[in-house]
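*Asks:* Protein chains in written order, with the working numbering: chain F, 1 to 536; chain A, 1001 to 1536.
You may find that some hints are simply not true.
Derived lysine-lysine pairs resembling DSSO-like cross-links, with alpha carbons at most 30 Å apart [stated by the list, open to error]:
{"no.": "1", "chain 1": "A", "residue 1": "Lys1472", "chain 2": "F", "residue 2": "Lys370"}
{"no.": "2", "chain 1": "F", "residue 1": "Lys398", "chain 2": "A", "residue 2": "Lys1004"}
{"no.": "3", "chain 1": "F", "residue 1": "Lys472", "chain 2": "A", "residue 2": "Lys1370"}
{"no.": "4", "chain 1": "A", "residue 1": "Lys1398", "chain 2": "F", "residue 2": "Lys4"}
{"no.": "5", "chain 1": "A", "residue 1": "Lys1412", "chain 2": "A", "residue 2": "Lys1370"}
{"no.": "6", "chain 1": "A", "residue 1": "Lys1370", "chain 2": "F", "residue 2": "Lys4"}
{"no.": "7", "chain 1": "F", "residue 1": "Lys472", "chain 2": "F", "residue 2": "Lys446"}
Derived coverage of chain A by chain F (criterion: at least 3 residues anywhere in the stretch with Cβ under 8 Å from a Cβ of chain F; other residues may be distant) [claimed, not checked]:
{"no.": "8", "region": "1054 to 1062"}
{"no.": "9", "region": "1138 to 1149"}
{"no.": "10", "region": "1153 to 1162"}
{"no.": "11", "region": "1322 to 1333"}
{"no.": "12", "region": "1349 to 1356"}
{"no.": "13", "region": "1406 to 1412"}
{"no.": "14", "region": "1481 to 1491"}
The set of hints was computed from the structure by calculation and includes no laboratory data.
Yeah, the Cβ is synthetic: ideal placement off N, Cα and C, and Gly gets one too.
Number of protein chains: 2
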Amino acid sequence: MPNKARADLETLYRIFTVPEAPESTLGAIDQAITDDVAGFLQTHIVATERPLEEIEADFASVVIPEEPTYVSEYTEFVQEHLVAQSVHTAAPGFVGHMTSAFPYFMLPLARLLTALNQNLVKVETSKAFTPMERQVLAMLHHLIFRCPDDFYPPWIHNSQAALGAFCSGGTIANITALWVARNRLFAPDGNFRGIAQEGLARALRHTGYEGIAVLVSERGHYSLGKAADLLGIGRDQLVRVPTDDHNRMDLHALREACRRLQDANIRPLALVGIAGTTETGNVDPLEAMADVAQELGCHFHVDAAWGGPTLFSDHYRHLLAGIERADSVTIDAHKQLYVPMGAGMVVFKDPTAVSAIEHHAAYILRHGSKDLGSHTLEGSRPGKALLVHAGLSIIGRKGYELLIDLGIERAKTFAQLIRQHPDFELTSEPELNILTYRYCPAAVQKPLITAQPEEQARINALLDQVCLLVQKHQREAGRTFVSRTRLHASRYNGEITVLRSVLANPLTTDEILATVLREECEIVRQPDIQALLHQI
Amino acid sequence: MPNKARADLETLYRIFTVPEAPESTLGAIDQAITDDVAGFLQTHIVATERPLEEIEADFASVVIPEEPTYVSEYTEFVQEHLVAQSVHTAAPGFVGHMTSAFPYFMLPLARLLTALNQNLVKVETSKAFTPMERQVLAMLHHLIFRCPDDFYPPWIHNSQAALGAFCSGGTIANITALWVARNRLFAPDGNFRGIAQEGLARALRHTGYEGIAVLVSERGHYSLGKAADLLGIGRDQLVRVPTDDHNRMDLHALREACRRLQDANIRPLALVGIAGTTETGNVDPLEAMADVAQELGCHFHVDAAWGGPTLFSDHYRHLLAGIERADSVTIDAHKQLYVPMGAGMVVFKDPTAVSAIEHHAAYILRHGSKDLGSHTLEGSRPGKALLVHAGLSIIGRKGYELLIDLGIERAKTFAQLIRQHPDFELTSEPELNILTYRYCPAAVQKPLITAQPEEQARINALLDQVCLLVQKHQREAGRTFVSRTRLHASRYNGEITVLRSVLANPLTTDEILATVLREECEIVRQPDIQALLHQI
């Protein structure tokens, strides 16, 4: 072997085997995170926002470097240009999106997971991780459906069945649920070999329907639109049912929509209830919707990506009453199970439901194997179920109950603060731990309600711009963070822009919430916002 | 606040904030992994396989524990029942699936990623991670398509476009590619508002086609079947074109298949070329297939999940000639980019292609935003692109070239070992770094070739069972590992079971490969296998 080639090989072996020295840059970062992750994030993420265009300049080269770079050199780049300019999603004042700090044990367990590098598509690359994941799905199944104890043993580790599917997040979970529902609706029947085999157009021809539809409230997550597109249903047939004043599906409107579908010979494929709307944290009337789904003979899916863990709470579980009648339920682990990003689940009441999407291959997923991949949308994927298993085991039902209760109570406190403040308007009452509000000066509030529609619209358009700027300035300042969205406001008979707050981080204090409002009041004094307010 | 409630809260805060003491069980594991991950895996994973049914007993309870558990207690459980019974996928003798050891810097960077907990669906929860991911996709785009330098600046950070999509793995990547292809084929046209809006049945009615088809060789990955099902196309229309003796698509058979589709008024949606078949590592005749796709006017997708990184090698890049004419290409980062599990990419030649699957929401992904989520199948997802960015930067083009060259050369060495051994039969020559073979005693080899078809079939059925048992016993012994699959063998005019070896771990030595064969020779001496061999 020539000397050059040998030297190259030795370099390569070193890259794969020699750990980072603790005194190196990367070793020091690693140690700092191990010692005090909150301190590390606080120190290394720069709060004040740099314009995205400036950051982009650091990531502009499209040529893969020819020569290797020293790890230390690369790490310095990452520290300065990536970490510093990332978002402190675990900050107690970051109450605008569905991220939170997570329990400290998640970090070392996540490292263990990375080191083990299991691939859960098949037993041959995951072994004990396969039964562990199946147990996690069974635990969630039990939490939701409360089947009797003797229900589980025949199913939990049964290769012919699955109580659900683990995946990268709620979107894949929702898509998987509707995929299963679609394939069950168009199951093999006589000469028709099923939609999986023959496709959607032939399935419709076989059954004589003009189309199939998914019904969800106007607050349904955008992933359902993706699902309708992906599954060939078409977004036109994602029927967005209007909501009542509490952002819950209006049952009269639902029945109306069903009648329209029937008239058009469109078969309802699935009715989707939401347990924790993304924007307002409301829960659909699941019990009544289960009745409707039963009448329609259609799949009842509950998107509990956000609100599912409310089931841990003895005090608030009743808010989700009816979820146990669902055919499938989505729960995100990276939300209120406090697992790091990239873990979701869909659970099916009927353990044989997933056979509608079963698939095999010659080299893995063979018939009769226990490979998890024969019932999942994804193929190769990591064993993140360990982190859910750890959360459920270490925090326990009561620990999660405490987290849920804390969030809901903090949302009530925040709502109270907003209500008491003369210059804010609460635009949706918190049912779980999400609320929306907007800045609306005291002097404007009363006249706005009694104004003529055109005048209302003019003022609201200006308040929308104020809202947008408040959210933007607050984000840029980087001390606290709320998000924004647009909601229908029945009192103005139109859509308005609102600020949105999600209260799931247990480290968020009431004092921080008071600061959020104080900051917003300071921000509205800025000239660009004052100019808008003067036009009202 | 009552004392009990305060105590609970304090416990909760501690769980979220206090790091694990280094002397604790979890702290010790964490440190051991940091100090010497290879040593940790070697020590803690029990090589000999326990029956899955026994392991399942440790994961049988479906009740979520009421009370919290001590982290140390839980960690001991995990160490004994999960880690010990997981699979040592990084072992140099684990040459049966597509996992490998990975460079040491991936571990601390993965911890950094977990700690930052960015969500790449939107800029508001990822900031610098968004341009970083866009750069990674651009680098891969440049690697594949070699567009001129001035092509990239207008597109790389353009909110209206995307050079590709990052995702959890090759399956989602392939599905995304075909989803884009399908929606582009049925784009809005006159009164027809496009398939995304109106669905597949109306799209077919509008265009007058009886159906749409995806063409791929018989060696195509099973994810394409899932895609055909999910997208409403139907598995019947995933046309599996026969291969030549080197597991590459047979071009005559392809043209034959196209004619049959035309006769049936079925429109070819996409032609899929494979750059590294999963089972045999062969590369389709991409150049010729690009010509056919052009004639058909259909989307040309290349599934380079495995073989894509061959493009790093000056010596072997030519094997993928024609890939630059693809419309989309899948590359898995958790395969030959040596990133931990759960990272894939699809790259589109035309940066506007993804607009066919664009979606928006009111609270994120707003029109004009740079949120990555408006062009991805998944929603919330982690910033794993960092690990690809790190690999490309630290290992560099030349480092990856070395890895690729090493794997291909090692496969050639292994093939030579098999060929030289009297009792083994090489069943597919390695083109990249995958090969298949089987145990076939010297005394059987020659008579088998000249035997009558029925006798051939009888003997091969016995050899299939031998192959299955060899693979099973070898896996259970836990020293080395190869996988198995079934392949068409033209010399026997039928399918046979074969052992499959993937040579991507740079720590695998020639000596280990010799051991693999030696072990297999020992295994065949076991009574169950001898009994089969005596029947030949």
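*Asks:* Determine for every hint whether it applies to the structure shown.
*Replies:* Hint by hint, here is what the structure shows:
1. A:Lys1472 / F:Lys370: holds, 15 Å
2. F:Lys398 / A:Lys1004: holds, 13 Å
3. F:Lys472 / A:Lys1370: holds, 15 Å
4. A:Lys1398 / F:Lys4: holds, 13 Å
5. A:Lys1412 / A:Lys1370: Given pair Lys1412 (chain A), Lys1370 (chain A) is violated - Cα atoms ~46 Å apart, limit 30 Å.
6. A:Lys1370 / F:Lys4: Given pair Lys1370 (chain A), Lys4 (chain F) is violated - Cα atoms ~45 Å apart, limit 30 Å.
7. F:Lys472 / F:Lys446: Roughly 27 Å separates the two Cα atoms, so the pair holds.
8. 1054 to 1062: Holds: 7 residues of the region 1054 to 1062 of chain A have a Cβ under 8 Å from chain F.
9. 1138 to 1149: holds (count 6)
10. 1153 to 1162: holds (count 3)
11. 1322 to 1333: violated (count 1)
12. 1349 to 1356: violated (count 0)
13. 1406 to 1412: Check failed, 1 qualifying residues.
14. 1481 to 1491: Coverage by chain F holds for the region 1481 to 1491 of chain A (6 residues, Cβ < 8 Å).
The structure does not agree with the numbered hints 5, 6, 11, 12, 13 stated previously, though it agrees with the rest.
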